[in-house]
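J.: Protein chains in written order, with the working numbering: chain P, 1 to 331; chain B, 1001 to 1331; chain G, 2001 to 2331; chain U, 3001 to 3331.
Be aware that one or more of the hints could be misleading.
[What the hints assert, rightly or not] So, partial list: chain B residues that the calculated Cβ filter (under 8 Å) puts toward chain U:
id, residue
1, 1072
2, 1097
3, 1221
4, 1223
5, 1226
In short, the hints are calculated from the structure, not lab data.
Remember, it's a predicted structure, so these values are computed and weren't measured experimentally.
Using N, Cα and C, we set each Cβ at its ideal position, and we do this for glycine too.
There are 4 protein chains.
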Amino acid sequence: MQFLSDNAASVHPQVWEALHRADCADTPYDTDALSRRLDAAFSDLFGREACALWVATGTAANCLALATLVPPHGALLCHREAHIETDEGGAPGFYLHGAKLVLAPGEGAKLSSGTIRPVLDSIRNDVHQVQVHALSLTQASEYGRCYRPAELAAIAGLACERGLAIHMDGARFGNAVAFLQCTPAEACGAVDALSFGCVKNGAMNAEAVVFFDPALADLARHRRKRAGHLQSKGRYLAAQVLALLEGDLWLANARAANAAAAEIAGAAADRLLHPVEANEVFLRCTAAERQALRARGFGFYDWGPDAARFVTAWDTRPDDARALARALAAL
Amino acid sequence: MQFLSDNAASVHPQVWEALHRADCADTPYDTDALSRRLDAAFSDLFGREACALWVATGTAANCLALATLVPPHGALLCHREAHIETDEGGAPGFYLHGAKLVLAPGEGAKLSSGTIRPVLDSIRNDVHQVQVHALSLTQASEYGRCYRPAELAAIAGLACERGLAIHMDGARFGNAVAFLQCTPAEACGAVDALSFGCVKNGAMNAEAVVFFDPALADLARHRRKRAGHLQSKGRYLAAQVLALLEGDLWLANARAANAAAAEIAGAAADRLLHPVEANEVFLRCTAAERQALRARGFGFYDWGPDAARFVTAWDTRPDDARALARALAAL
Amino acid sequence: MQFLSDNAASVHPQVWEALHRADCADTPYDTDALSRRLDAAFSDLFGREACALWVATGTAANCLALATLVPPHGALLCHREAHIETDEGGAPGFYLHGAKLVLAPGEGAKLSSGTIRPVLDSIRNDVHQVQVHALSLTQASEYGRCYRPAELAAIAGLACERGLAIHMDGARFGNAVAFLQCTPAEACGAVDALSFGCVKNGAMNAEAVVFFDPALADLARHRRKRAGHLQSKGRYLAAQVLALLEGDLWLANARAANAAAAEIAGAAADRLLHPVEANEVFLRCTAAERQALRARGFGFYDWGPDAARFVTAWDTRPDDARALARALAAL
Amino acid sequence: MQFLSDNAASVHPQVWEALHRADCADTPYDTDALSRRLDAAFSDLFGREACALWVATGTAANCLALATLVPPHGALLCHREAHIETDEGGAPGFYLHGAKLVLAPGEGAKLSSGTIRPVLDSIRNDVHQVQVHALSLTQASEYGRCYRPAELAAIAGLACERGLAIHMDGARFGNAVAFLQCTPAEACGAVDALSFGCVKNGAMNAEAVVFFDPALADLARHRRKRAGHLQSKGRYLAAQVLALLEGDLWLANARAANAAAAEIAGAAADRLLHPVEANEVFLRCTAAERQALRARGFGFYDWGPDAARFVTAWDTRPDDARALARALAAL
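Using the sequences and the hints given, assemble the complete structure.
T.: Laid out in structure tokens, this is it:
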């Protein structure tokens, strides 16, 4: 019973079906019929003009988006526990040609206008210090916390005031939308580019990076090829993304994962390190307790010496979640 | 009846089966059971210690390999019509941090010690000119020509004399081995790194980059993550590569493509621009002739004003190749 | 009697005086009184709004300018014998983050609209090929040839038509203006950025890079710092540049160098490989003749097996030029 | 009476003399007689084999050194207030091709094995996190604090244990040696590369970057050219560096600056934010007090709302230091 991560979950049956349907001749790269449907599909989803590119990984999605927003001599402001800072192997440094990541604090790995502003204010406006050109937010955050529309609006207001672009790392965007019960547009606010996560949500190896400005998308198309991310059989990636959008499968999958997480959290309310707003549960848990859980067949990561992280996915069996909930309650 | 390219062919049934077998829980990235089999599989194939990494594209395979062989301030020597020079959107410039591509001529888009040596000799050994650190060969070449083992040995001798590493772009390595009727080891010679092509040969979106020095592979692992090419569900890529190696499917597929190309070439021997040694056929062909072929349902690229390129793939139907052969003969 | 190069000539007395005058306290970097005079000085010189930055070398001047005109995923078109291609140690690859140099031919190391156009036309407008964003011209060229205003206008017309920016490497811009007997503005035409050479023309270690768009200059200021080229005692660089502009010393120096070259060329008219339009003289010259010249105390570079290059500078003594002329005539 | 910084001080008379002596013909770049003396001069100074390159700025010195120690996919650990992190305009990101700066705390802007170790331990040894390849220490630190030889030995021990290289930013190395009253070798310890500061210590625009491994120096020579820092009249830079080494002028200059700082500190012992161990004095100082000092003609920087920074230089007049000391005592 695995709760290690959602990043290695299996592939959803409807995605498999879409992959097989794509297994007929078409033109290469992103000129096939499926790839050409992405812009319209995401424009529909967000209710405004959107251009979407498939890529294989969330890291590539994030970095291609950021490379359109931040010049090599500039900086990007993100949370100090953001995935791009801590777990992407320095990919932003590569894709942004050495642009700087300026770090800010914030509860639950979320930024706020209140934590961003003093960091911006601490940077002298001269050539000796690297100037911030964009913000990156993670929806849901590394601790499974969701930005409310009003929080996003406050950040967007600050960004507008300072002339900053906004990127959203939506590796778990579906889980956030499912939790917030708002529209996708409300869950991302006035962002310029969004990494729309699919791999953690039922896909095999396709993510979408969505731009709300065609000029940025055009830049990203050149950068995608340059980064070796323009697959020649792109139709198999487009198929995955479209399958998730079809009938809002992405949302159904995210709801399933969230529900499993909620069940687990409900059984361990007194142990929660963070409110559970998506599909991740961080619990206080001693080494002995963790050992006991593992002995009963539960897989998960330690989170420092006194805590554990449990992640659910679209394919987490309700029985497994229930079993974990019972085991936690019984600790 | 498409002869546009092998790069958008369908996925081989055995690859599909392998993909489905991989659709069960395993650990992420390249820690799964399938990914961990790659080193041994390629060591077996080449009869010497090899380390292999999956990546999604040939461009990424080439560039990750090259980045381990050439420092940012160095140069790479390749044919002036090499794919890395002409068709990878500047990816070598990105992955190699601005290292230079030094170009050399050579018949059939093949380098030879005779064409490499004068280019090397023309570079002054000082800091004002960029020094060559590695060679890149393409097997089979952009014109479907194959390096014979003796040609590779001559180039390797020169490389050794000048302290240069060797990379081989094997996007169509299978086609070369099928033509040369030699071992894979003989078909690559003393290379340091090989891009072992799978996508054009029955895979969906996995290539292998093979290193014959573990230290280079270790570098490439860091660079792969940094380039956003470390997929979290890597098992689906490993599965594709292993499926092609299983029972030498890669070779069977390449032979099928070569056979189709040979049939076409046989019907148009007087039109050949290049001897056909792999799965590409370049023919003299007037605009009117091309129009006539297209009117009969054949898809292919123009190759300048007076020629056409026909590419076969593992899934080219023999009937289609025969039909094209007849049509060419009847022109 | 050295005719090796103008790049190691001595420092002009008026530059020395300016350096000493700068040896008093002022604010650091480019905030001092001298540095702040540069924009106005170059605006006067060119008769249009200009922003000028000092840097230490021509390579830095060229690359900082180019980095404002070409994005990392783009290309720059230059002559295949341009200094940036052949002799700057790969600096454009570094400063432009791997952008490509696309090469074009042209007599006398000069480009023309006629040699540029077919190269541009050969590049498919897709993401697989690197798109050209700017041209770089060298005035005077590597072979000491000067672009006439009409030639510049034709190139500018093509650039405008294709949406390309123009950079001019003016390491020997003074020599070109002296030869062309036109205004500085006419000698550079509609360029976006100009490397205005000073080091070869009497300065110690200051060049100016001139932008005709304040936004580009602003970018370059950030890039200059980032490249470690923002000297804290910048006043000593500004002093050098201003000293050369003062009373058109730059033009007087260039005329002196040109006159010396003309004297040499006049004595060897039948040997000239290129018309002498600046301060470089390329002559057919056998090995025995070169040996004879060296035996008489003349220093110069061989230029391949059958030629020699003689370069004059602002400080070439007329007697030395005359002696060389006589020696050549007597060969 | 300026105490703003030592970075814009005037040029020492002996440096001027050396510059004028260099004003005769010699070969270009670093092939001249003066440049060729640098290796021996620094080998003598440090009592072990050293290779030294001139560059124009401390930023370039630091970054060229670091680029030889840290690959693009690696990280460098430095103090979070190190100059390379806070005030070099992102130059390390540029020169190191996006390598990461990992930050550590430490009193007085000094690292220690005790502050470095936990940061290193917090980095998982996998490809998702960027691995540290080198440390950078600043001697004297941003707060004018000096590393004692025993402290350096402890850090070197840790570096050796973890396989890390060490760079030292010695923009004020002379001031540290003057304070420590030890040999230059003792003041740098087992570093691999040292930025030996000259500009703040009497030079005009030359710094030395010293390598204790010829292979690193060879790399740096290529990188220096590539960064546009190989000046053609390099003899004028070598002359400056050699003039400072001659008769230990560098040490005499540093002692003069330190003495002035000591005089100031002595008069304000109860205000000191940091012990004064070099030529920088950080004092608690209200806005009103600062205004009073400025009214009396003293120039200096505010250091946050309640403090001020006073920097002395080789050319600080003892009378000025005394006047400031008196003014401070009288506050």
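J.: Is the interface hint for residue 1221/B satisfied, with its Cβ closer than 8 Å to some Cβ of chain U?
T.: holds, 5 Å
J.: Would the hint on residue 1223/B be counted as holding, given a Cβ-Cβ threshold of 8 Å to chain U?
T.: holds, 6 Å
J.: Regarding the hint that residue 1226/B lies at the interface with chain U, is the smallest CB-CB distance below 8 Å?
T.: This interface hint holds because 5 Å falls under the 8 Å limit.
J.: Report holds or violated for the interface hint on residue 1072/B, using the least CB-CB distance to chain U and a cut-off of 8 Å.
T.: holds, 6 Å
J.: Hold the hint about residue 1097/B up to the distance rule: shortest CB distance to chain U must be less than 8 Å.
T.: holds, 4 Å
In the structure shown, no violation is registered for any of the earlier numbered hints.
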